[in-house]
Every structure is written in structure tokens, then in C-alpha cells.
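Enquirer: Each chain, written out:
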Amino acid sequence: MAKLNMVQAINLALTEEMANDENVIVLGEDVGVDGGVFRVTDGLHDKFGEKRVIDTPLAESAIVGASIGMAMAGLRPVAEMQFSGFSYLSIPQLEGNASRMRARTMGKWTCPLVLRMPYGGAVRALEHHSESREAMYATIPGVTVVIPSGPRNARALMLAAIRDPDPVVFMEPKRSYRAFREEVPEEEEVRELGKAQVVQAGTDLTVVAWGAMMRPTLKAVDLIQKKRNITIELIDLLTIAPMDADTIVESVKKTGRCVVVQEAPRSFGASSEIVARINDDALLYLEAPVGRVTNYDVVTPYFGREMMYLPDEQRIARSLEETLDF
Amino acid sequence: MAKLNMVQAINLALTEEMANDENVIVLGEDVGVDGGVFRVTDGLHDKFGEKRVIDTPLAESAIVGASIGMAMAGLRPVAEMQFSGFSYLSIPQLEGNASRMRARTMGKWTCPLVLRMPYGGAVRALEHHSESREAMYATIPGVTVVIPSGPRNARALMLAAIRDPDPVVFMEPKRSYRAFREEVPEEEEVRELGKAQVVQAGTDLTVVAWGAMMRPTLKAVDLIQKKRNITIELIDLLTIAPMDADTIVESVKKTGRCVVVQEAPRSFGASSEIVARINDDALLYLEAPVGRVTNYDVVTPYFGREMMYLPDEQRIARSLEETLDF
Amino acid sequence: MPLKKIGDFSISYLQILNEKGVVDAKLEPKLSDDELHKLYRTMLLARETDARMLKLQRQGRLGTFGPGTGQEAAFTAPISAASDEDWIVGTFREPGARLFRGEPLSQYLAYFNGYEEGNTFDPAKRVLPMSVIVASQTLHAVGLAYAMQYKGEKDSAVITFLGDGATSEGDFHEALNFASVWQAPVVFIVQNNQWAISTPRKMQTRAKTIAQRAVAYDMPGIQVDGNDPLAMYQATKEALDRAHAGEGPTLIEAVTYRLMMHTTADDPKKYRSEDEEKEWWKKDPLTRFRVYLENKGLLDEKSHAALATEIKAYIDDEVKKFEAATDWPPDISFDHVLGTRHPSIERQRTAFLANLNKEAANG
Amino acid sequence: MPLKKIGDFSISYLQILNEKGVVDAKLEPKLSDDELHKLYRTMLLARETDARMLKLQRQGRLGTFGPGTGQEAAFTAPISAASDEDWIVGTFREPGARLFRGEPLSQYLAYFNGYEEGNTFDPAKRVLPMSVIVASQTLHAVGLAYAMQYKGEKDSAVITFLGDGATSEGDFHEALNFASVWQAPVVFIVQNNQWAISTPRKMQTRAKTIAQRAVAYDMPGIQVDGNDPLAMYQATKEALDRAHAGEGPTLIEAVTYRLMMHTTADDPKKYRSEDEEKEWWKKDPLTRFRVYLENKGLLDEKSHAALATEIKAYIDDEVKKFEAATDWPPDISFDHVLGTRHPSIERQRTAFLANLNKEAANG
Ligand SMILES: Cc1ncc(C[n+]2csc(CCOP(=O)(O)OP(=O)(O)O)c2C)c(N)n1
Ligand SMILES: Cc1ncc(C[n+]2csc(CCOP(=O)(O)OP(=O)(O)O)c2C)c(N)n1
Ligand SMILES: [Mg+2]
Ligand SMILES: [Mg+2]
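Quick mapping for you: the protein sequence lines, in order, are chains A, B, C and D. Counting along the first sequence from 1, when you hit position 293 you're at 515 in the numbering used here, and nothing is skipped either side. Counting along the second sequence from 1, when you hit position 245 you're at 467 in the numbering used here, and nothing is skipped either side. Counting along the third sequence from 1, when you hit position 349 you're at 364 in the numbering used here, and nothing is skipped either side. Counting along the fourth sequence from 1, when you hit position 329 you're at 344 in the numbering used here, and nothing is skipped either side.
Heads up, some of the hints might be wrong.
[Unchecked claim] In silico EDC-like pairs for lysine to aspartate or glutamate, Cα to Cα no more than 16 Å straight-line: (1) D:K217 - A:E272; (2) B:K330 - D:D137; (3) C:K166 - A:E405; (4) D:K166 - B:E272; (5) D:K166 - B:D243; (6) D:K285 - A:D264; (7) C:K285 - B:D268; (8) C:K166 - A:D243; (9) C:K223 - D:E118; (10) A:K225 - A:E405; (11) B:K417 - D:E361; (12) D:K373 - A:E244; (13) C:K297 - C:E34; (14) C:K373 - B:E544; (15) C:K285 - B:D264; (16) C:K217 - B:E272; (17) B:K475 - B:D444; (18) B:K330 - D:E361; (19) C:K169 - C:D281.
I should point out that these hints are in silico values taken from the structure, not numbers from a laboratory.
Based on the sequences and whatever the hints tell you, model everything.
Expert: So this is what it looks like as C-alpha cells:
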């Protein structure tokens with residue numbers, strides 16, 4: 223067991239799977255010699271050489287378009303978008319080709335590729351470097367959208383993503399890259415995609431979060447549990463789409479109350495989808511409206527103001543109390 | 223008053239506003255000499271000349287990117303994407319620049335442009351010609367997403383869209399292009415963006431639809447009203463984002479029951495957003511879960527099978543009854 | 016100190032068999048009689064396929080499609096220059112390329128009648144499924160070519176087709192650049208058929224040729240008479256030889272013409288003259304190729320009639336097969352969202368089937 | 016029948032003032048003393064701005080930024096060749112271009128400290144806000160240029176900047192093609208500073224020059240010594256003259272070097288040698304320009320010291336202004352989502368402000 227941060231944990235998964243399977247190829251802008259602008263691919267170029275760790279020209283559509291061709295030829299490309307804010311250039315290839323290759327050909331052709339991208343705010347970066355647009359990807363059937371929340375699940379989900387037979391968008395909360403360390407088992411650990419995780423069981427309230435929101439949510443949950451002497455069931459969504467609403471619905475049936483914490487703007491996000499699923503399958507169990515702690519429907523502010531807009535521990539804690547008191 | 227179909231009605235709005243305002247420019251693939259593959263821009267090239275009705279090279283990012291430059295110089299470009307399925311090539315320009323220009327510069331620069339695109343299924347077309355992905359656009363703050371449902375509101379919304387000071391994505395349900403005619407007033411009629419329309423008042427159930435789903439929904443509503451001798455409040459959403467949830471919430475407070483009809487896949491669509499808004503503001507009024515009639519979370523099938531997947535009058539009618547009987 | 020020239024480039028044009036069927040003996044490629052025959056047969060099959068499909072479409076027995084009539088040399092001859100190890104990555108307007116590799120016509124028809132079953136041609140044949148988003152496939156070709164290099168499959172190059180309109184898309188530029196940087200074994204064949212729906216070639220780009228795009232990437236580029244099967248064969252052969260030898264990609268501009276409508280939903284009268292069409296009919300690749308084969312003694316009136324009969328019989332058969340197919344399971348889309356089935360989507364399948372049953376019950 | 020040449024193209028290189036400050040008298044542009052002085056002052060101001068910003072950033076008083084040190088000639092001299100009617104559309108690495116037009120440094124600093132207030136430079140100055148998505152701005156330039164043509168503003172052309180890395184994006188290709196088809200008055204200036212973060216120029220494209228991209232669009236293209244302010248001035252001037260005369264766009268490749276890190280978040284030691292950097296310091300545009308001005312008697316030790324003092328005082332002042340600013344209303348983002356306020360978003364503003372109050376109350 224080693225204590226790793228998320229950057230190291232993802233790096234570990236890539237290293238492991240590249241050693242396991244010579245069809246795994248890493249490509250993207252500055253992923254080779256430089257090891258990526260966040261150093262997630264550090265060392266891979268030295269270990270596996272420039273044929274397997276490719277510094278590409280600056281062109282996101284090409285990175286994904288070429289990955290599709292590689293995947294169709296049997297390789298397992300892991301492509302990096304330097305920031306999710308520039309990944310939209312590859313949506314035409316992802317939506318138009320990768321996500322459909324299996325459906326288009328009734329499974330004769332498939333597209334096993336991973337599209338890694340750092341996303342999310344709170345790193346004091348320039349415009350386009352702070353958005354949380356997982357919902358945009360989640361609108362595309364045929365794509366699995368994964369968001370780890372810590373080093374250990376990041377490593378285990380990345381292994382599953384590379385081995386998945388279809389395209390996976392793997393969104394890495396860059397705010398959490400170096401924020402904390404966790405024990406990551408030395409032996410291989412794989413975490414099934416498409417499943418949420420009950421991080422802690424509880425009976426009085428269900429709380430759902432994902433990505434960088436897990437940390438402040440955990441703190442708020444701790445705070446309110448102690449303050450009120452109750453137990454809160456905390457769920458880490460992990461896969462945004464296809465969503466494991468069953469785990470949430472089961473929990474809500476038990477607790478009758480739910481709060482969802484979302485870094486993205488309020489409208490058209492995963493929190494709305496969660497509410498819709500609870501409506502579909504557990505409405506009668508609700509003793510209060512589902513609480514939603516979210517960003518606002520504004521263009522993501524530059525970093526001078528962004529922290530005021532992001533959900534934080536205090537805001538989450540207030541929402542938990544409001545939902546409990548409803 | 224003239225009886226026009228939707229193609230003619232949009233053509234009328236474009237003709238009117240080009241005559242009104244010489245800053246209005248139409249551009250896109252085949253919009254000029256050919257008058258567009260659906261003939262929506264028919265005759266404009268003859269009337270206003272090739273400087274104002276531009277047949278562009280085949281490049282969607284360029285069409286929108288150049289439109290942004292034009293808009294920043296004071297023009298009012300109305301750009302056509304030949305099909306919404308190819309419009310994703312322009313999302314990087316829309317998300318990355320058009321939607322943000324006002325926020326980026328605190329209003330010193332704005333981007334008044336209209337991005338027209340036929341969308342939706344049931345026209346027996348090749349792959350990529352049948353999707354309904356309004357939710358993808360709705361995840362972008364700073365963009366108004368509009369979907370007319372008939373000739374009259376199409377004309378009135380198009381005039382508002384061109385005059386709007388910010389980017390408007392104007393999605394035209396191609397299935398409705400020539401499906402029916404309506405009286406369209408000769409005098410100018412403008413319909414405010416960002417507002418839903420109560421098409422008919424009622425007290426027993428609220429039904430929400432938009433675009434091509436309005437027709438089968440209307441029929442199902444008629445059927446069930448007569449069959450049960452009740453009144454149903456029917457709401458045409460018209461603007462997807464920013465969404466006028468107030469009109470829906472007010473209605474649900476009155477009726478206690480709601481069904482939403484959506485052409486798009488079930489997850490991460492506007493129907494989920496509507497449920498979330500009802501949850502936020504009217505949960506306690508609900509006497510039944512919000513019913514959702516939608517497509518499925520599959521890759522849009524080729525046209526041989528698509529009709530089985532699209533919500534139709536019968537499926538909608540059954541859902542109305544289920545929600546009433548709940 | 017200087018204003019000095021630092022680069023010189025030129026672009027050439029290749030024609031071997033002219034409009035009248037006269038061949039340039041110095042440049043004539045050495046194709047065997049069988050090869051020539053297969054090439055002609057496939058071109059004719061593509062032509063007849065268009066004619067039959069148009070009829071079916073007009074009768075409501077087929078969906079929209081885009082005829083390739085006039086371009087048979089440009090999209091068939093390149094495949095005759097390739098080996099079975101080479102890949103084909105194209106659009107929906109190269110029937111000859113697919114048929115050459117043995118794709119059953121019945122499948123091709125199923126595709127244009129709205130069934131995914133039509134896109135299931137055996138992957139071992141190395142023909143990628145048809146691509147609709149123009150130019151996007153050229154990037155797949157580059158990735159595929161990279162994979163061939165990576166796997167050490169030296170005899171495998173990739174031929175990718177696109178249209179003159181598609182050359183305006185950013186993806187095409189990115190594909191040329193990646194191919195050049197990677198020295199990937201790709202042959203880009205632009206079917207410059209003069210039109211992208213209603214947009215004429217001169218409005219796509221102001222450059223005199225599309226071939227000169229190659230200069231931007233220090234890549235060999237050539238303009239070829241795309242209605243000349245021998246020139247198309249020869250140019251592709253040379254490009255493939257370079258690709259196989261590790262010498263990287265090539266850009267070929269095939270100058271040809273779309274003699275029919277863009278698709279069956281289109282009316283060319285809106286935007287071009289019949290005179291223009293007539294001029295291009297005089298350059299018909301089939302006519303000149305037939306003359307060439309006759310002059311070589313490989314074809315005569317009688318054997319041509321036999322060939323036409325054989326092709327008609329094949330088409331009749333395949334149309335029958337296509338129309339007789341009834342196994343179109345309604346819920347097939349649920350099978351192919353993801354390889355790993357997800358419970359929420361499986362529940363939707365159940366609801367979907369229940370709905371179908373209810374509708375059936377209601378008549 | 017032929018394999019015949021159908022197109023000939025060439026690319027040239029321009030240098031007027033060499034590394035040592037020696038000028039080619041035949042090519043020397045006729046700039047007035049004032050013009051030369053303003054150009055040198057702005058280049059020096061840009062250089063000193065970088066130095067100060069780096070200090071501020073390291074002290075935690077400023078966010079990440081990308082220094083332009085080494086490229087001052089390439090991004091400043093083109094603006095000195097333009098009139099106030101011409102537009103500038105650039106990225107975040109051309110401080111000299113913006114400062115030349117009078118953008119207050121305090122605003123530039125506010126931008127890099129995370130405030131939209133830093134992007135509100137007077138639109139009448141015809142400098143578009145800074146663009147971060149590489150190459151995307153080149154399309155805005157083309158649309159802007161079209162608008163100028165359309166409005167009959169014949170004296171208004173558009174200068175747009177991009178990097179060598181940005182040339183790989185599809186948007187750049189589409190911009191060149193649209194500009195060429197529309198014959199739009201645009202001057203594309205590629206700041207080929209040899210690096211795109213860690214990716215060297217030779218891995219962006221295999222072509223010997225970026226200027227030869229112009230061939231693909233039948234557009235004038237030239238490679239220029241980007242560290243030579245006179246050559247950059249001259250090449251831009253000629254391009255602008257053509258643009259104003261209705262003769263369409265031009266592509267200029269400015270060969271220069273990013274002497275510092277990509278941004279303050281980057282460490283060039285990971286990917287390039289200090290020797291390489293040293294070689295390029297010898298070609299410093301400021302050094303050679305100073306020699307040129309001294310040789311012309313326009314500058315000496317003393318007047319240079321005065322200039323340096325003046326610039327330092329200006330920077331001190333602007334930094335003070337920037338740091339003294341306190342008017343950063345928290346809810347400003349709600350003001351600028353849409354010009355037409357929407358009730359649902361206004362309610363969110365109320366909730367946002369209430370939240371801030373609660374947090375303030377809790378300390
Ligand atoms: C990205 C994209 N935009 C638009 C379309 C719609 N469309 C289909 S074919 C076509 C014209 C293509 O012209 P060209 O590349 O010359 O090929 P051709 O049709 O002549 O074979 C257009 C605009 C598309 N398929 N993909
Ligand atoms: C579309 C896009 N992809 C990635 C980035 C991240 N990024 C910012 S600058 C840069 C390198 C740009 O290189 P170049 O164009 O040569 O400009 P330079 O930084 O050298 O001035 C990258 C990859 C971006 N801003 N936009
Ligand atoms: Mg064409
Ligand atoms: Mg650079």
C-alpha cells in the first residue's frame with residue numbers, strides 16, 4: 223500500500239495497464255516529454271517510448287478522430303484533452319462517431335477509447351479552465367461518463383475505463399489532483415463502471431455528490447451528523463451516465479430525504495437528472511423536496527470571483543439542515 | 223392573414239427582418255442559390271443579393287466563428303446549420319466564444335447571432351439527421367435555446383431571436399416544416415423569448431411539450447379530455463433555456479398532476495429539468511409523480527426503426543391516463 | 016540581407032486514358048486482363064446499382080441515397096490498385112469501392128432503407144462502415160494507419176475518400192497534418208466532383224487545385240483525371256507503394272463530376288445547367304474504359320451484353336434478398352448502446368416492448 | 016497525353032535588420048522618428064511588463080500569465096504598420112499589440128488576476144478581447160473583415176495573431192479558406208515561437224515553413240524574421256495595403272522564439288535546453304533595434320535611461336492602480352449572462368447574495 227495523490231494514482235493505473243496490454247496507447251498535447259501539464263502522464267514516455275506515448279500536434283478533433291481509427295484497429299487509446307474546456311472540439315467525433323460505432327454496425331465495430339480530461343474550478347486559472355460540464359457529455363447515449371473523487375477510486379475506475387469495450391469520458395476533478403492522499407492498494411483494483419458507491423450508510427438523509435464536491439460534502443455531512451446526532455447516507459455517484467439511480471432510489475426509500483451537491487450550473491445538470499429519477503421511482507417516499515446545492519446559471523466567472531459561486535461546506539451544511547427541517 | 227407552413231413562416235420572418243435591418247445577414251451551406259436544403263431561405267438570395275445571403279464553404283465551425291466576428295462588428299448574422307446533427311462542430315465557437323462574449327467583457331462586447339438548425343426525427347433520413355439534442359445546448363449559460371412548434375410562433379419567435387442582443391440557438395422541428403399550415407398575421411408579430419405559452423387552460427392535469435411533440439400531444443390531450451370529461455392545461459415550452467419554469471410551476475400548483483412529453487432520449491433532457499424545477503418549487507402540490515413520455519437512452523436508430531422509439535399519440539395518451547389514475 | 020526564395024513547389028496533372036479512350040502508351044499501367052475486367056465490371060455494377068436504386072427510391076421502396084454516377088473510375092480504380100491488406104475508409108458515395116471488396120448489394124440497400132444491418136459488412140474485409148459527417152472519416156483513416164505502423168503491418172495502408180466540399184472542414188486539415196507528422200500510410204483521395212450539394216467547387220476554395228493543399232504539409236500531391244480509370248489506378252498505386260515503403264501519405268485530387276443529383280432529395284436544376292451536365296457526360300469514365308477494353312480485344316458487343324445480363328441478374332437477386340428480409344427485431348437498439356448492459360437501459364427495453372405490445376393490441 | 020505541371024509556387028523569407036543591428040538599406044522602410052520611437056518604447060514596455068508581472072506572480076499578487084519576452088517585434092511592429100481603423104484580434108501573448116493601442120496596463124493586470132474588468136478595453140480602439148481557445152479567434156477576424164467589406168469600410172483591415180501550435184487546429188484552416196474565398200481583408204500573423212508549451216515546432220507540422228500553408232489557398236504567404244521589427248513592419252504594411260485595396264488576405268509567418276516559460280505554471284527545463292534559449296537571446300529583437308536606433312542617432316545611453324525610467328514609472332503607477340482597485344461586485348456575473356434578464360436567473364442572484372451574507376455572518 224502506498225499513499226498516493228490522484229495524479230499519482232491515475233499515473234499508476236496508466237502505467238499498470240500499459241505494462242499489461244501493449245495495445246494501450248497514450249496520446250495528447252504535451253503528454254509525452256512534458257508528462258502532461260498536470261504531470262498525470264509523467265514518466266510514461268520514458269518507460270514506454272514515443273510510439274506508445276504520443277505528443278500530438280495541437281488539435282483536439284484529430285486526437286479523438288485518430289483515436290477512433292486506432293480503436294477500430296484493435297488498439298486501446300487513452301487520449302488526453304489538456305482541459306475539459308477545450309474538449310468540445312472533439313464532441314463531433316465523440317458524438318458523431320465514437321459513441322455510435324457499436325450501434326451503427328450492430329456491434330461489428332466498436333470503439334474502446336478513454337477520453338481523459340481535467341475539469342472543474344478552484345485552481346485560479348484563466349478562462350475555460352474551470353467549467354464542470356459533465357452533463358453535456360451525459361446527453362450522448364453510447365458514452366460512459368466517469369468522475370472519480372479520490373486517488374483510490376480514480377485508479378480503480380481508470381483501469382475499468384481502459385478495459386471497457388466502449389468510449390469512456392473520464393473527467394478528473396483537477397482541484398482534487400493534489401489535494402489529499404489515500405492508501406492505494408498495490409495489487410490491481412478495478413471498480414465497475416456504471417455503479418454509484420455508498421460511502422457511508424445512514425438512515426436520516428441521503429446525500430449525493432461526485433468529483434471535487436465530495437470533500438466539502440463529506441465535511442458538511444460530518445458536521446451535521448454530529449450536530450444533530452443523526453446518520454446520513456452519503457453516495458458518491460462515480461458514473462454520471464449511464465446513471466446508477468437505483469442506488470440513490472433505494473437510499474431515498476429508506477431516508478425519505480435527499481440533498482444533491484453539484485459543482486455545475488443549476489440547470490440541466492446531473493442534479494436535475496437525479497431528481498427526475500427519484501420522481502420516477504421514489505416520489506412517494508419523499509418527505510421533503512430534494513435539496514440541490516449547485517453553482518448558478520451564469521457564465522463561469524473568472525477566478526477572482528469563482529469561489530463565491532462554487533458550493534462550499536457551509537452552503538452544503540445549510541442545505542442539509544433545511545432539508546432535514548422541512 | 224395567410225395560411226403558411228413553418229418553412230414559409232420562418233422564411234417570412236427572415237424576409238421581413240432583412241428588409242427592416244440591413245445588418246441582418248444570412249449565411250450557411252446551400253442557403254443562397256439553392257434556398258437551403260429545406261427551402262427555408264428560398265428567395266432571399268434573389269431579393270437581397272449574395273453579400274447578404276452567403277453560400278459558404280462546407281465548415282460549420284467557420285460559419286459560426288465568422289458569425290461571431292460579424293456580430294461583434296455590429297451585424298446580425300443568422301447562420302444555418304444544415305442539420306442539427308452537424309451543428310456540434312460549432313459548439314466550441316458557441317460555448318467558447320459566443321455565449322461568453324458578454325460575460326467576458328462585462329457587456330462591452332456582445333454577440334447577437336441566431337444559429338438556426340432543423341432538428342428531430344421522423345423524416346426517414348440518414349444517420350445524424352434525426353436527433354433531438356436541445357439539452358446539449360441548454361447546458362451552456364449565455365445561450366437562449368428556442369424551439370417553435372408551429373408556423374405562427376415560429377415566425378414570431380424568429381423575429382425576437384434576430385433582435386435579441388445575445389446568441390440564440392433556434393431549433394426547427396423539421397418534421398413540422400410542412401406538416402400543417404396556420405394563419406400567420408400579416409402585421410409584424412413578435413413573441414418574447416424565455417416564456418412558455420399556456421396553449422389551453424385546464425384544471426385536472428398539466429401537460430408540457432415542445433417542438434414536433436406538440437401535435438401528437440395535442441391530439442392525446444383532446445382524446446383524454448373528451449374521454450374523461452376533464453380539462454387539461456397544455457403548455458408549449460417554446461424556450462428551452464433559460465427555462466420559464468414559473469409557468470409550469472403555477473399550473474402544477476393548480477392541477478397537482480403533470481406529464482412532460484420529450485422527443486429526446488430519457489436521461490439528461492429538458493423533461494428532467496422540468497421535474498427538478500417542480501421539485502424545487504411545487505413538490506408539495508404533486509398528487510402523482512410527474513409523468514415523462516420520452517425516447518429511450520439508446521443511440522438514435524436508423525429510420526427503419528425510429529418511429530417505434532418516438533413518443534406518439536397513443537403512448538402519450540396512456541401516460542396521461544396513468545398520471546390521472548395515480 | 017535578403018528577400019530570398021526559400022521554397023519551391025509544383026503540382027502536376029495526370030491523365031493516361033483520354034475522353035476518347037486513347038491511351039498514353041508510355042504511362043499505361045500493366046494490369047492483367049482479369050484485373051481490367053474486374054475493374055470494369057465493378058464500375059458498371061456501380062452504375063447499374065445507382066439506376067436501380069433510383070427506381071426503387073422513386074417507388075418508395077428505398078430511402079434517400081446519393082448516386083455516384085460519373086465517379087465510378089475515381090472511387091473504384093483506387094481499390095483495384097490496393098491489396099486486401101489495405102483499408103478503405105469512405106463516405107456514402109463510393110458504391111464501387113465497397114462492391115469491389117465484395118460487400119453484398121443487399122446490405123448496401125438495407126443501409127439506405129434505414130437499417131443498421133446494412134452497415135455490418137465483415138470487418139475482415141477492411142472496409143470501415145460508411146461515414147456521413149463529411150471529412151470526419153479522414154481522421155479515422157489516420158488513426159488506423161498509425162495502428163498499422165504500430166503493429167508492424169507494413170503491407171497495410173489506408174485509402175480514404177472525401178469530397179471537394181469536405182476539404183473545407185477543419186478535420187481534413189487536421190488529418191493531413193497528423194498523417195504528415197506521423198508519416199502515416201494514408202492515401203487521401205478527394206472526389207472533386209465539382210459540387211457539394213448546390214455549392215460549386217470554386218466557392219469551396221479559391222485555389223486553382225485541391226491537390227496543392229499537399230504543399231502545406233510537404234506531402235506529395237497530384238491532380239488526376241478522375242474519370243480516367245488508368246490514371247486513378249496509377250496514381251493510387253504509386254501512393255500505396257510509397258505508403259508501404261514507409262514514405263508517408265499522399266494527396267490525390269480526382270477531377271470528376273457528379274452526373275446525377277446530390278441525393279434523391281435534391282434537385283440540381285435549382286443550381287446548375289443541363290449543358291454543364293451534358294459536357295461531363297462526354298467524359299463518362301465507363302464509355303472511355305469500354306473503348307479501351309475493346310481496343311485491347313478484351314470486350315466486344317457480345318461479351319458486353321453478357322456482362323450486362325450477369326450484372327442485372329445479380330442486382331435482381333440482391334434486391335430480392337433485400338426485400339425478402341424480415342428479421343428486423345424492434346429492440347435491437349437496446350443491444351448496442353454499450354457492450355456492458357446497464358440495468359436502467361434494460362428496464363427501458365422492457366418498457367419499450369410493453370409499449371409496442373399495447374400499440375399492437377390497440378391495432 | 017500528359018503528366019504535366021499545372022502549378023508552380025514559391026515561398027520567400029524576409030529580413031531587413033539582422034541580428035547585429037545591420038540594416039539592408041534597399042529594403043529599409045521609411046518610418047518617421049516618432050514612429051520608430053513609439054515602436055521601440057512599446058516593445059520595451061512589453062518586455063518590462065513581463066518582468067514585473069513575473070515578480071508579482073511569484074509573490075502571489077497576480078495569477079498565471081504567459082510572457083511574450085522575445086516576441087516583442089513580432090507582435091508590436093505589425094500594429095505600428097496599421098492605422099487606427101484596422102482591427103486587432105489576438106491571444107493572450109501579445110502585450111505589445113494591446114499596449115500600442117493604449118490599453119491601460121492596469122486592465123491587463125486585472126485580467127490576469129481573474130477579473131473580467133480586465134477585458135473591457137474600449138471597443139472603439141478596435142482591439143478584440145483576449146482569446147484563449149487557440150486559433151478560434153482567427154475565424155472572428157474573418158467575420159469582422161467581412162463586416163468591414165460589407166459596410167464599405169475600405170480602410171479597415173484585420174490583423175489576427177496566432178501561435179505555431181494553433182496552426183494545427185482545424186479552425187485555422189477554415190479561417191484561411193474563408194478569408195481566401197471571401198477575399199476578406201485579413202492579415203494572419205503566425206507567431207512561430209518554436210514551441211507550443213512542450214511541443215516543438217517540428218512536431219506541429221512536417222513542412223519546412225508555416226508560410227507555405229498559404230499555397231493551399233492561393234494566398235500570398237511569406238516567412239519573416241520575427242525578431243526583426245523592420246521586416247515585420249514591412250511585411251505587414253504590404254499585406255495591409257493589399258487588404259485595403261481589396262486584394263484579400265495574407266499569411267505571415269514570424270520566426271521568433273518564446274524566451275521564457277509557456278506560462279508561469281510551466282517549466283521549460285522539462286523539455287528544452289538552456290543552450291537553445293541562449294542561442295535565441297543572441298537574436299533578441301530589442302537589442303538589435305536599439306543598435307539600429309543608436310546608429311540612426313535616435314537613441315543614446317542617456318535617452319535610453321530616461322526612457323527606461325519613464326516606463327518604470329508608468330508600470331509602477333499602473334500596478335498601484337491595479338492593486339488599489341476594490342470595486343469588484345460579487346454578483347456581477349448575474350448582470351452579464353444575457354442582455355435580457357430572466358426571472359429565474361435573477362432569483363438565483365438573490366439566493367447567491369443571501370448565501371454570501373450568511374457566510375459573512377458566520378465569519
Ligand atoms: C459535417 C457535415 N456537414 C454537413 C453535412 C451535410 N452534407 C452531406 S453531403 C454534403 C455535401 C458534401 O459535398 P462533397 O464533400 O463535395 O461530397 P459529394 O456530396 O459531392 O460527394 C453536405 C453539406 C454533412 N454530412 N456533414
Ligand atoms: C483549443 C485549445 N487547446 C488547448 C489549449 C491549451 N493551450 C494553451 S496555449 C497552448 C499552446 C499554444 O501554442 P502556440 O499556438 O504555439 O502559442 P504560444 O503559446 O507559443 O504563444 C495550449 C495547448 C487551448 N488554449 N486551446
Ligand atoms: Mg462534391
Ligand atoms: Mg508557439
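Enquirer: Regarding the pair K217 (chain C) and E272 (chain B), is the alpha-carbon distance no greater than 16 Å?
Expert: Holds - the C-alpha atoms of E272 (chain B) and K217 (chain C) are around 15 Å apart, at most 16 Å.
Enquirer: For the pair we were handed, K285 (chain C) and D268 (chain B), check the Cα-Cα distance against 16 Å.
Expert: holds, 13 Å
Enquirer: Next pair to validate is K223 (chain C) with E118 (chain D); report whether the Cα-Cα distance is within 16 Å.
Expert: violated, 42 Å
Enquirer: Would you check the hint for K166 (chain C) and E405 (chain A), treating anything up to 16 Å between C-alpha atoms as holding?
Expert: violated, 37 Å
Enquirer: Are K330 (chain B) and D137 (chain D) close enough, with their CA atoms no more than 16 Å apart?
Expert: holds, 8 Å
Enquirer: Hint check: K297 (chain C) vs E34 (chain C), CA-CA at most 16 Å. Holds or violated?
Expert: holds, 7 Å
Enquirer: Sort out whether D243 (chain B) lies within 16 Å of K166 (chain D), counting only the CA atoms.
Expert: Status holds; Cα separation ~13 Å.
Enquirer: Is K373 (chain D) within 16 Å of E244 (chain A), Cα to Cα?
Expert: violated, 55 Å
Enquirer: Holds or violated: K169 (chain C) with D281 (chain C), Cα cutoff 16 Å?
Expert: violated, 43 Å
Enquirer: When you check the alpha-carbon spacing of K330 (chain B) and E361 (chain D), does it fall within 16 Å?
Expert: violated, 21 Å
Enquirer: CA of K217 (chain D) to CA of E272 (chain A), is that 16 Å or under?
Expert: Distance ~15 Å between K217 (chain D) and E272 (chain A) Cα, so the pair holds.
Enquirer: For the pair supplied as a hint, K166 (chain D) and E272 (chain B), confirm whether the alpha-carbon distance does not exceed 16 Å.
Expert: Between K166 (chain D) and E272 (chain B) the Cα gap is close to 14 Å, so the pair holds against 16 Å.
Of the numbered hints stated above, those contradicted by the structure are hints 3, 9, 12, 17, 18, 19, listed in ascending order.
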